[in-house]
Amino acid sequence: MLELRDLGLTAGAFSLSGISLDVRPGEYFVLLGPTGSGKTLLLEVICGLLQPRTGQVRWQGRDLMCLPPEARPLAVLFQDLALFDHLTVGENIAFGPRVRGLGRAARDARARAMAARLGIETLLGRRVEGLSGGERQRVALARALAVEPALLLVDEPLSALDGVTRDHLREELKRLHAESRGAGPDPEALTVVHVTHDREEALYLADRISVLLGGRLFPPVPPADLFRRPVDPAVARFLGLRNVFAVDEASPGTVRLGPLTLPCEGADASTRSVWIRP
Amino acid sequence: MSQDAPAPLPAARGRSWVFHLALALAGSLVVLLVVAPILGMLVASSFGELSSAARDRQVLESLRVTLVSAFWATIVCTLAGVPLAWLLARRRFRGRSLLLALLDLPIVVPHVAAGVALLTVVGRHSLLGKLTGGGLVGTTAGISMAMAFVSVPFLLNSARQGFEAIPLRVEQAARTLGASPRQVFFIVALPLAWRSILTGMTLMWARGISEFGAVVIIAYHPMTTPVLVYQRLNDHGLGYARAAAVLLVLVCVALFVGLRLLSRPPRTGHRGRDA
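Here the protein sequences come in this chain order: A and B.
First residue of the first sequence? That's 26 in this note's numbering, and the numbers climb one at a time after it.
First residue of the second sequence? That's 65 in this note's numbering, and the numbers climb one at a time after it.
Source of the hints: derived by calculation from the structure; they are not laboratory data.
Given the structure is predicted, the values throughout are model-derived calculations rather than measurements.
Note that CB positions come from ideal geometry on N, CA and C, so glycine has one too.
It cannot be assumed that every hint is accurate.
Said to hold, decoys possible - If you want a taste of the chain A side facing chain B, the calculated C-beta under 10 Å gives, among others:
id	residue
1	Gly-73
2	Pro-94
3	Ala-171
4	Ala-175
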């Protein structure tokens with residue numbers, strides 16, 4: 026399990042504080058938030074590129090804060106991919122195994138296997154400079170998976186792609202995660218933390234979704250509940266929902282809005298606002 | 065009430081050729097400033113003069129001393145300076161701006177003054193001089209040091225700009241894939257910045273070869289070609305000095321062109337299909 030505990034971080038004028046989160050082993054977890062909400066900074070803290078002001082990051086009970094990025098059991102698929110332009114596709118994919126000391130034959134075999142999984146085996150000898158956007162994405166994904174990470178951090182990798190390519194890659198991510206998970210819950214399965222501003226992408230991929238908004242991380246919900254039962258009026262507004270009303274009085278199963286008393290599934294005395302679906 | 069139609073925009077005036085002509089004329093002045101003296105020197109030198117200079121043992125020895133001293137200055141400074149350039153490109157630390165300004169100091173210090181300053185470190189009466197019984201005065205090592213002092217900023221700046229041009233994310237991606245800082249430097253940063261480093265080495269070598277002021281104070285002998293040209297100009301006049309100068313210029317131009325060709329970026333490859 027990935028645990029974030031009371032993280033506080035500052036980068037330039039931007040700051041987040043009190044961020045806590047649990048991501049279950051083998052889960053596809055999506056952090057959804059608008060541009061500039063600090064999603065990427067959170068990923069940077071998890072992978073060790075940014076030191077938080079306060080708080081802890083733990084993986085399977087082990088404190089990651091004292092480990093440099095290269096010693097953490099994870100890989101990152103960056104938004105701008107960050108491919109190595111001076112290397113071939115095969116060398117890019119084999120980079121992780123190479124710096125971790127794997128012999129040439131073993132790492133080449135690993136690169137071929139990863140390329141085959143992503144359908145890019147014909148590109149292995151090509152330089153990355155001449156590749157299309159979709160091909161570059163696949164190379165970056167193969168390069169990240171070639172280190173066999175327990176945790177994959179994904180930073181809006183689909184945002185720069187055209188519609189069809191984006192759909193293909195999205196399916197690819199879902200398929201690769203499902204393959205690692207096998208038939209049922211598996212503690213050894215790949216855990217994914219994916220940040221995006223795209224609601225559709227979040228709904229399609231996520232096991233659970235947490236919204237990061239205005240420096241606050243809202244509790245995770247299953248995709249089905251994201252729109253059906255928004256956790257907060259601010260989240261509802263971010264999701265584009267209209268007809269959000271403040272509740273004057275609530276009791277189990279009913280809410281009162283001014284003169285109207287309405288039945289409301291799941292309402293209790295603590296309900297503060299409701300969304301009326303058209 | 066009817067509204068007046070907006071006045072039509074005046075047509076763009078096709079006077080851009082005047083601007084371009086002015087640019088070309090101004091630019092020609094700069095080109096002329098560089099080319100005219102070199103061309104004049106080449107034209108004024110007869111083939112006989114050049115050929116006798118090319119067989120003159122003193123000229124050839126001075127060329128060897130010049131090229132070899134500048135070469136070693138460049139190699140040593142590259143080994144020690146390129147990692148420093150990477151640090152300066154990537155790390156933000158207290159005093160970084162001051163360090164950058166200090167490393168650029170040789171560009172603004174008059175080179176004769178640089179030679180005098182170097183004497184306090186490597187001269188006969190310096191600590192090094194007392195320890196070694198003479199210091200580096202009058203040695204090729206001293207010449208290399210003088211050349212290195214005046215030319216190392218060119219290497220450091222070019223290499224630093226090369227490292228800065230690599231997106232930080234690329235190096236960060238390497239770290240998250242398991243690379244240590246040492247591996248990031250050798251496997252990612254160095255291969256991506258090699259053209260800028262080679263350009264910096266070329267500039268440093270060329271600047272070292274052409275150095276006179278600092279070198280002549282550290283070592284009149286063994287003579288570098290710029291010192292020899294100066295000595296011949298003083299002792300025998302322009303005609304005698306010119307042939308050695310032309311030979312130095314020809315050698316430098318040949319080296320410079322060769323290294324520029326080597327560090328030229330490749331033509332961009334074809335674009336792939338969309339996935």
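How the hints compare with the structure:
1. The restraint placing Gly-73(A) at the interface with chain B holds, with a minimum CB-CB distance near 8 Å, inside the 10 Å limit.
2. Given the 10 Å rule on beta carbons, the hint for Pro-94(A) holds: about 4 Å separates it from the nearest Cβ of chain B.
3. At a threshold of 10 Å, the smallest CB-CB gap from Ala-171(A) to chain B is about 8 Å, leaving the interface hint in force.
4. A cut of 10 Å between beta carbons decides the hint on Ala-175(A): the least distance to chain B is about 13 Å, and the hint is violated.
Checked against the numbered hints above, the structure violates only hint 4.
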